[in-house]
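Fit chain B to the supplied structure of chain A, relying on the hints for placement.
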Amino acid sequence: MSVQVWTFIIVGLSFILYIGIAIWTRAVSTKDFYVAGGGVSPVVNGMATAADWMSAASFISMAGLISFAGYDGSVYLMGWTGGYVLLALLLAPYLRKFGKFTVPDFIGERYYSQKARIVAVICALFVSFTYIAGQMRGVGIVFSRFLEVDINVGVIIGMAIVFIYSVLGGMKGITYTQVAQYVVLIFAYMVPAIFISIQMTGNPIPQLGMGGTAADGTWLLDKLDGLNEELGFAAYTDGSKPMIDVFCITAALMAGTAGLPHVIVRFFTVPRVKDARSSAGWALLFIAILYTTAPAVAVFVRTNLIETVSNKPYAEMPAWFHKWETAKLIAFEDKNNDGKIQYLKAADKNELSIDRDIMVLANPEIAGLPAWVVALVAAGGLAAALSTAAGLLLVISSAISHDLLRNAARLDITETGELRAARIAAGLSVILAGLLGIYPPGFVAQVVAFAFGLAAASFFPAIILGIFDKRTNKEGAISGMIAGLVFTTVMIVLMQSDKLLGMKAPVIKSVAGISAEGIGIVGMLLNVAITLIVSRFTPPPPEKIQLMIEDIRIPRGAGDASTR
Amino acid sequence: MDKSRTEYWRKNISYLAILLAVWFLVSYGFGILFVDSLNAIRLGGFKLGFWFAQQGAIYVFVIIIFVYVRLMNRLDEAFDVHEK
Numbered sequence: 001m002s003v004q005v006w007t008f009i010i011v012g013l014s015f016i017l018y019i020g021i022a023i024w025t026r027a028v029s030t031k032d033f034y035v036a037g038g039g040v041s042p043v044v045n046g047m048a049t050a051a052d053w054m055s056a057a058s059f060i061s062m063a064g065l066i067s068f069a070g071y072d073g074s075v076y077l078m079g080w081t082g083g084y085v086l087l088a089l090l091l092a093p094y095l096r097k098f099g100k101f102t103v104p105d106f107i108g109e110r111y112y113s114q115k116a117r118i119v120a121v122i123c124a125l126f127v128s129f130t131y132i133a134g135q136m137r138g139v140g141i142v143f144s145r146f147l148e149v150d151i152n153v154g155v156i157i158g159m160a161i162v163f164i165y166s167v168l169g170g171m172k173g174i175t176y177t178q179v180a181q182y183v184v185l186i187f188a189y190m191v192p193a194i195f196i197s198i199q200m201t202g203n204p205i206p207q208l209g210m211g212g213t214a215a216d217g218t219w220l221l222d223k224l225d226g227l228n229e230e231l232g233f234a235a236y237t238d239g240s241k242p243m244i245d246v247f248c249i250t251a252a253l254m255a256g257t258a259g260l261p262h263v264i265v266r267f268f269t270v271p272r273v274k275d276a277r278s279s280a281g282w283a284l285l286f287i288a289i290l291y292t293t294a295p296a297v298a299v300f301v302r303t304n305l306i307e308t309v310s311n312k313p314y315a316e317m318p319a320w321f322h323k324w325e326t327a328k329l330i331a332f333e334d335k336n337n338d339g340k341i342q343y344l345k346a347a348d349k350n351e352l353s354i355d356r357d358i359m360v361l362a363n364p365e366i367a368g369l370p371a372w373v374v375a376l377v378a379a380g381g382l383a384a385a386l387s388t389a390a391g392l393l394l395v396i397s398s399a400i401s402h403d404l405l406r407n408a409a410r411l412d413i414t415e416t417g418e419l420r421a422a423r424i425a426a427g428l429s430v431i432l433a434g435l436l437g438i439y440p441p442g443f444v445a446q447v448v449a450f451a452f453g454l455a456a457a458s459f460f461p462a463i464i465l466g467i468f469d470k471r472t473n474k475e476g477a478i479s480g481m482i483a484g485l486v487f488t489t490v491m492i493v494l495m496q497s498d499k500l501l502g503m504k505a506p507v508i509k510s511v512a513g514i515s516a517e518g519i520g521i522v523g524m525l526l527n528v529a530i531t532l533i534v535s536r537f538t539p540p541p542p543e544k545i546q547l548m549i550e551d552i553r554i555p556r557g558a559g560d561a562s563t564r
Numbered sequence: 001m002d003k004s005r006t007e008y009w010r011k012n013i014s015y016l017a018i019l020l021a022v023w024f025l026v027s028y029g030f031g032i033l034f035v036d037s038l039n040a041i042r043l044g045g046f047k048l049g050f051w052f053a054q055q056g057a058i059y060v061f062v063i064i065i066f067v068y069v070r071l072m073n074r075l076d077e078a079f080d081v082h083e084k
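Protein chains in written order, with the working numbering: chain A, 1 to 564; chain B, 1 to 84.
Same shape as in the complex, but just chain B:
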């Protein structure tokens, strides 16, 4: 029981690490730190860095949360800690 709890928590943390890395990359990375180099690339009328800062990052945020919901629902069932 205790062992599977530790394993469940470890998996949860690794999901968090990956998803938060994506969260950081699209906002702080593409939207702020590398904005100038990305602005050299164009997406229609948008400069890519500017698009991430004012549009793209927000879309990715929504996707991250729903991916997390899916992953966790599966993980809960796999470790039998889901709500009945």
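If we strip away everything but chain A, and leave its shape as in the complex, we get:
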């Protein structure tokens, strides 16, 4: 059977599975819709969180990103996992004890202020929409590359699937579908990784193979360092970013991860405080399986690629090279007309341009794996994109129906009315997200840094201080959030003004070596400083709020706390 047929079969089966689960787990109350009824076991929730968290970018692009960045790629590996430690230790148990439905719920009540709630809703909507546009685009790309349908048709099919299970099932449907999606995506990631690890190092465990020896007996990483340097790149294990930037980007990604509303809300779905703690551990364990494999894949594929193409005649390239040439993921321009491929750092001599996505997408073909493995990778990429999109849609719909309509506008709607509003909001968001996927704003890649930076500079300090500092009051929190938001937004726009505003060059390149990706951490520190100072010069929070903080600090009495 051809790759095409296999892809239709495997992707088709996975879609039937997702829809079947959605019908089986239909939401009947707002509590089902927002927090899956609050009765999800910690391991199941951990697995769902992992699928929710690992997006099309983690699955398709991350290994490629690391492959080109070498040591510098560590910022993503540590940044997108270390945030879970912060979540487990500083946020999840207390938010679970608080026991409401959304992040703006917490901000609004802790800071006894509608203004604070609205600032939080706006941040949540902005962060989630930024993120979801990328996911829908990811769905379209996988469809167009593997099934050879138009990218827009791919986006529409993806929209239809997500529409069915998120509108019907809400958080309950999404949770159980995400469990299935995790299984599909991790299987799809590990199978080719294990095969290629055996081929290159003889070790079936990629994490160990990465530190193993290549066929010629040298250490694989030493060999890659050598290959990189020969071609004019920095040694793979050294990297070229300044240390302060690596530090700040890692920190911004960690704080951003812990502040992303679609991740936080998952911890409202478990029955007890104790479960919220262990659930974060399970989530990280499931995530770590992929995140420790990705750098190994990065090393294998880069070594393999350089050895296959560097200084070899174009005429002798294997079939996959031409296939991905047609898909425009790899391009060769024979600048010196010698018929050979020169892959070099120096832009004027380099003849090969490679899209980073190819590292995962073409991995099975480069390693010569059977057709069904290639099909599996397509299903895995779709699972990763769909699961993240669904989680984000839920945050958007609950921000609209619960936080805006019910709590901010104080509309007197019944439970059934709110549930209907949530479904309509979810439906409309799917359509909007799809449109963003079909007509992507040119700067999608840049705005993702934005999403993390903003989450780090706004939510993260407001929640942490809300739990750990009783003296933080609404004046402090609001001025802190606004300062963090404004500072981070202005700095990112200035540093990316070439891409965002179409200027020739960015207004400023970096601040003391910190790039746009890392600036969110400075915004966060600014937020904390301003919150603490303003709080000390304004009246303390009311007695009622101080008692509430005392109460969320201990687990007892969490039980079935989520009321409307």
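Bear in mind the hints are in silico, worked out from the structure with no lab data behind them.
Since this is a predicted model, take the numbers as computed values, not measurements.
Misleading hints may appear alongside valid ones.
Claimed, not checked - Here are the simulated DSS-like cross-link-like pairs (lysine-lysine), alpha carbons at most 30 Å apart as the crow flies:
no., chain 1, residue 1, chain 2, residue 2
1, B, Lys11, A, Lys100
2, B, Lys3, A, Lys544
3, B, Lys84, A, Lys544
4, B, Lys11, A, Lys470
5, A, Lys312, B, Lys84
6, B, Lys3, A, Lys100
7, A, Lys100, B, Lys84
8, A, Lys470, A, Lys115
9, B, Lys84, A, Lys470
10, A, Lys274, B, Lys11
11, B, Lys3, A, Lys470
12, B, Lys11, A, Lys345
Frame of chain A; chain B shown alone:
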């Protein structure tokens, strides 16, 4: 009652301080700040600093969370604030 609550919270904070110190050390310390000096040491085919940055830190993160879960479950019971 109030006194034991304060004591519970103080213990919790001290656990957090220790665990977050480990969290900081393996990622920002071993993986970033001291990466060059650690790279002089080798772990099989890995330079040690590079290994921490791309593998080791993540393993330690997972362990930190499960240690925290254990410590807190015991602490909750000791101060009788656990969920029934």
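We went through each hint and held it up to the structure:
no. : hint                  : verdict
1   : B:Lys11 <-> A:Lys100  : holds, 27 Å
2   : B:Lys3 <-> A:Lys544   : holds, 20 Å
3   : B:Lys84 <-> A:Lys544  : holds, 25 Å
4   : B:Lys11 <-> A:Lys470  : holds, 17 Å
5   : A:Lys312 <-> B:Lys84  : violated, 68 Å
6   : B:Lys3 <-> A:Lys100   : holds, 28 Å
7   : A:Lys100 <-> B:Lys84  : holds, 20 Å
8   : A:Lys470 <-> A:Lys115 : holds, 20 Å
9   : B:Lys84 <-> A:Lys470  : holds, 27 Å
10  : A:Lys274 <-> B:Lys11  : holds, 17 Å
11  : B:Lys3 <-> A:Lys470   : holds, 17 Å
12  : B:Lys11 <-> A:Lys345  : violated, 54 Å
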